[in-house]
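K.L.:
Please model the entire structure based on the sequences and the hints provided.
Residue 1 is where the sequence shown starts when you use the working numbering, and the numbers rise one by one after that.
Hints are computed from structural coordinates only; laboratory data are not their basis. As the structure is a prediction and not an experimental result, all values here were calculated from the model. Backbone N, C-alpha and C define an ideal beta-carbon position, used for all residues, glycine too. Just so you know, not all the hints are guaranteed correct.
As the list claims (entries may be wrong) - Per label pair, the in silico range of CB-to-CB distance:
no. : residue 1 : residue 2 : range
1   : Gly-22    : Thr-81    : 53 to 61 Å
2   : Arg-30    : Leu-4     : 32 to 40 Å
3   : Ile-7     : Val-39    : 47 to 55 Å
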Amino acid sequence: MRALLAILAIVVIGLIVAFLFGFIDISQTRTAQLPTIQVSGGQAPAFAVSTAKVDIGTKPKTVEVPKVDVGTKTTNVDVPTVNVSKP
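P.N.:
Right, dumping it as structure tokens:
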């Protein structure tokens, strides 16, 4: 099974190389054309749709909300600097 996959991979790579170096060139000699279709008569379906009524609103409610405290602390750190001197 591995040997078959290896051979298939080599063939595919060979075809790609052949296309890249111009050994194989495919040119379209005839354009495609869709068949003509004639439709006569017929009727589109009709539907009667009833949907539910949806009311959107708000109401007061008491909920527990966690309290989060965020603090800062001053720390000395080395930061990079750049000095440019004009010639």
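K.L.:
Determine for every hint whether it applies to the structure shown.
P.N.:
Comparing the hints with the structure gives:
For Gly-22 and Thr-81, the hinted distance range of 53 to 61 Å is satisfied, since their beta carbons lie about 57 Å from each other. Taken as a hint, the range 32 to 40 Å holds for the pair Arg-30 and Leu-4, whose Cβ atoms sit roughly 36 Å apart. The supplied range of 47 to 55 Å is met by Ile-7 and Val-39, whose beta-carbon atoms lie about 50 Å from each other.
The structure shown violates none of the earlier numbered hints.
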